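Student: Under our numbering, the first residue of the sequence shown is numbered -18, with each subsequent residue one higher.
Be aware that one or more of the hints could be misleading.
[Unchecked claim] Here are the simulated BS3-like cross-link-like pairs (lysine-lysine), alpha carbons at most 27 Å apart as the crow flies: (1) Lys36 - Lys103; (2) Lys36 - Lys14; (3) Lys76 - Lys103; (4) Lys76 - Lys152; (5) Lys152 - Lys125; (6) Lys125 - Lys66; (7) Lys152 - Lys14; (8) Lys76 - Lys66; (9) Lys66 - Lys152; (10) Lys14 - Lys66.
[Stated by the list, open to error] Restraint ranges, calculated between C-beta atoms of paired labels, are given here: (11) Gly151 - Ser75: 17 to 25 Å; (12) Leu72 - Pro97: 16 to 24 Å; (13) Leu72 - Asp93: 37 to 45 Å.
To be clear, the hints were calculated from the coordinates, so they are not data collected in a lab. This structure is a prediction, so every number in the text was calculated from the model and none was measured. For each residue, glycine too, the CB sits at the ideal point set by N, CA and C.
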Amino acid sequence: MEITASEGGRKYVKLLDQNYADSRRYVNMLDLKNPTSQQAAMEAFFFGYQAFTAKADEMLERRGLSRVHQRIVFFIARYPGLSVKELLNLLGVSKQALNTPLRQLMEMHLVDSVAPDSDKRKRLLQLSADGARFEQALRREQVKLLQRAFSEAGESAVDGWLAVNQALAGKTADL
-18 MEITASEGGR
-8 KYVKLLDQNY
2 ADSRRYVNML
12 DLKNPTSQQA
22 AMEAFFFGYQ
32 AFTAKADEML
42 ERRGLSRVHQ
52 RIVFFIARYP
62 GLSVKELLNL
72 LGVSKQALNT
82 PLRQLMEMHL
92 VDSVAPDSDK
102 RKRLLQLSAD
112 GARFEQALRR
122 EQVKLLQRAF
132 SEAGESAVDG
142 WLAVNQALAG
152 KTADL
């Protein structure tokens, strides 16, 4: 790998084992000590997130729901049979903060709370059939955007994007 600078002062990483003629093999390296680069990174993140959430926000709004509701149904879909305590840990919120949106989802028959046969005192969360369809519709739109962006950006950019997002979340990248 070799770091070079362009005429505009931006740094690029040349992947030495790749074909230089393919411009997609150059990874843009922002100088995050430079306020202009910081703003450019934040602006890209802002507009990317705005595009990622726009369609889902419309779908949520039609039902009187918000992004917190989407996060709840996403994680219940991802981990069926999740306990409320496990959901609290995943979302990083208090029981009080989760109570109202979770109750709303249950009242709308999108989320069910079931007692397992092994311990009737325990309550596990799962999506109802309507909840599963709703979560899939929300996710489908976002997956389309990710597929398009990943296809345009290339594999090395996707790996970098995953690593950056895991670092932002405070998690170690398993790439």
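Student: State for each hint whether it applies.
Tutor: Structure-based check of all given hints:
no., hint, result
1, Lys36 - Lys103, "36 Å, violated"
2, Lys36 - Lys14, "34 Å, violated"
3, Lys76 - Lys103, "16 Å, holds"
4, Lys76 - Lys152, "23 Å, holds"
5, Lys152 - Lys125, "25 Å, holds"
6, Lys125 - Lys66, "32 Å, violated"
7, Lys152 - Lys14, "23 Å, holds"
8, Lys76 - Lys66, "8 Å, holds"
9, Lys66 - Lys152, "20 Å, holds"
10, Lys14 - Lys66, "40 Å, violated"
11, Gly151 - Ser75: 17 to 25 Å, "19 Å, holds"
12, Leu72 - Pro97: 16 to 24 Å, "22 Å, holds"
13, Leu72 - Asp93: 37 to 45 Å, "18 Å, violated"
Checked against the numbered hints given earlier, this structure breaks hints 1, 2, 6, 10 and 13; the rest are met.
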